Amino acid sequence: MIARTFDMYMTAALFQAALAITAIALIVVFQEDLRRAFSRIALLGKLPRLGSAGQTSLDCDVLVETAFELAQKKVGALIVIRGDEPLERHIRGGSLIDARISKALLDSVFDPHSMGHDGAVIIERDRIRHFAAHLPLSKNLKELGTRGTRHSAALGLSEVSDAMVIVVSEERGQVGLAWNGKIETVATATELKGRLGMERFTGPQGPQQRISLWHRLLRGNTGLKLASVTLACLAWFLISFEADTVQKTFVVPIEYRKLPENMFIEDAAPTEARITLSGFERAFNLLVPGTLKASLDLSNVEEGQQQIVVEESHIKLPQNLTLFRVLPRTLSFRVHRWVRSNVDVEARAEGRLPENLKLESISVSPSTVQILIWESQKANTKRVYTEPIDLSRITKTTDLKPKLVLPQHVRVESGRAPEVQVKVSVVPMSDSPP
Amino acid sequence: MSMLEDLHRAFRLADAFDIVFVAMFLYALFMWFKATASRQVLVGIGILALT
Numbered sequence: 005m006i007a008r009t010f011d012m013y014m015t016a017a018l019f020q021a022a023l024a025i026t027a028i029a030l031i032v033v034f035q036e037d038l039r040r041a042f043s044r045i046a047l048l049g050k051l052p053r054l055g056s057a058g059q060t061s062l063d064c065d066v067l068v069e070t071a072f073e074l075a076q077k078k079v080g081a082l083i084v085i086r087g088d089e090p091l092e093r094h095i096r097g098g099s100l101i102d103a104r105i106s107k108a109l110l111d112s113v114f115d116p117h118s119m120g121h122d123g124a125v126i127i128e129r130d131r132i133r134h135f136a137a138h139l140p141l142s143k144n145l146k147e148l149g150t151r152g153t154r155h156s157a158a159l160g161l162s163e164v165s166d167a168m169v170i171v172v173s174e175e176r177g178q179v180g181l182a183w184n185g186k187i188e189t190v191a192t193a194t195e196l197k198g199r200l201g202m203e204r205f206t207g208p209q210g211p212q213q214r215i216s217l218w219h220r221l222l223r224g225n226t227g228l229k230l231a232s233v234t235l236a237c238l239a240w241f242l243i244s245f246e247a248d249t250v251q252k253t254f255v256v257p258i259e260y261r262k263l264p265e266n267m268f269i270e271d272a273a274p275t276e277a278r279i280t281l282s283g284f285e286r287a288f289n290l291l292v293p294g295t296l297k298a299s300l301d302l303s304n305v306e307e308g309q310q311q312i313v314v315e316e317s318h319i320k321l322p323q324n325l326t327l328f329r330v331l332p333r334t335l336s337f338r339v340h341r342w343v344r345s346n347v348d349v350e351a352r353a354e355g356r357l358p359e360n361l362k363l364e365s366i367s368v369s370p371s372t373v374q375i376l377i378w379e380s381q382k383a384n385t386k387r388v389y390t391e392p393i394d395l396s397r398i399t400k401t402t403d404l405k406p407k408l409v410l411p412q413h414v415r416v417e418s419g420r421a422p423e424v425q426v427k428v429s430v431v432p433m434s435d436s437p438p
Numbered sequence: 651m652s653m654l655e656d657l658h659r660a661f662r663l664a665d666a667f668d669i670v671f672v673a674m675f676l677y678a679l680f681m682w683f684k685a686t687a688s689r690q691v692l693v694g695i696g697i698l699a700l701t
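Quick mapping for you: the protein sequence lines, in order, are chains A and B.
Quick note: the first sequence uses this note's numbering, first residue 5, plus one each step.
Quick note: the second sequence uses this note's numbering, first residue 651, plus one each step.
Rather than coming from a laboratory, the hints here were simulated on the basis of the structure.
Here the structure is a predicted model, which is why all the values come from computation and not from measurement.
Keep in mind that a hint or two might mislead.
Stated by the list, open to error - Distance ranges between label pairs, derived from CB positions: (1) A:N184 <-> B:D665: 27 to 37 Å; (2) A:G149 <-> B:F683: 18 to 28 Å; (3) B:K684 <-> A:T192: 24 to 34 Å; (4) A:E315 <-> B:K684: 49 to 59 Å; (5) B:S652 <-> A:N266: 53 to 63 Å; (6) B:D665 <-> A:L30: 28 to 38 Å.
Glycine included, every Cβ here is placed at the ideal spot set by N, Cα and C.
Generate coordinates for the entire structure from the input sequences, incorporating the hints supplied.
Listed below in structure tokens is the structure:
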């Protein structure tokens, strides 16, 4: 932005060239965040369950009681309560299990003599799904403080997923709770139960759950929310707001629609119009000029000269653009109705026969044809003619197949002119020398 | 005064939605920025973008 403002061409070009590399670098650096963002988008369909996180059937008393008993005995433990996001890609090692949660089982898993006591237990709904699992370690030393590896694992998983992790320290005999990239010590069983209940186990039936979505939207981070709204307003003012209206002219095609099948518009009808639109510049930015057209409904049109005034209703305009002017304002054209008619066929002859021949007759077969003709011209059109027959080239009685020459107001139904046969009968002149 | 009138004239319901969506996007971005461990990288990219 600065480079462009001060016309620093070389710097601007350099950054432009580096844009693609930067995009790739961004994907590499933030791959975990992006992966999580996409997986959250995929989970949007589960929004109504947010807060309950599928754990409503879990009785947390066992977990709380076990955690504090282990803390009292200074036995380390890691208990992961899965949220909506899958954990598989964050977990290494351990063994799969499908067991009901019980104090005895948890005591046994975290017993220092047990093989997997250093790992984590993963709880999904009311079942233990995994034990002795290895979790990713956190690099956030500020949040971690002087806590050890077990706490680092608890915090690490909470940073990359929506899981809650109960961690029991074997050195200090304290219980901690890691969630959403934060870890804190929980002093009493009641407090832990309260935290679990508030964040994870509140059932959809409770009044707290019904308001929780709005509560979540409105509570906390007021400064950031205000800053976001202010920045969005400022961006709208700088980018979108315009007080001045703009007029732009476009040449658009005229579309004559729903013309009855037996009707015909004379070729002279206008095919284009110049329309001038008025509105804010941003409205023009959203306009695709190729989609503009004037569309006239001719379903009720009558035969004869027509005059239609082009109005805004004939042109489909985007919102916030108004029709300022149309040229031509009035479209003038003639509509004809096709009717069937039987007319005579007449051979058109030109030139003169050779001097030694005398014309006896010219006959046409068939003598009449059925044609389609403009209704207005029906009374004036009694016959149609063949293409000219050159008599000077006739030397004897001849059969010819000339084409019919149809005027503009005549056409044949099949689209192909019927064949006609012309017989030119000649006889030698009687006074010609032998 | 005329500026306010212009604002009133130009502001549509779609603009309100526009602002709400952009604000939500910015808020999500800020929250991500706050949470991500790589925020220093974002600061660097921001400086580059401004340049």
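We went through each hint and held it up to the structure:
1. A:N184 <-> B:D665: 27 to 37 Å: holds, 34 Å
2. A:G149 <-> B:F683: 18 to 28 Å: holds, 23 Å
3. B:K684 <-> A:T192: 24 to 34 Å: holds, 30 Å
4. A:E315 <-> B:K684: 49 to 59 Å: Roughly 55 Å apart at Cβ, these two residues keep to the hinted range, so it holds.
5. B:S652 <-> A:N266: 53 to 63 Å: About 59 Å separates the Cβ atoms of S652 (chain B) and N266 (chain A), which means 53 to 63 Å holds.
6. B:D665 <-> A:L30: 28 to 38 Å: holds, 30 Å
Violated hints are absent here; each numbered hint is respected by the structure.
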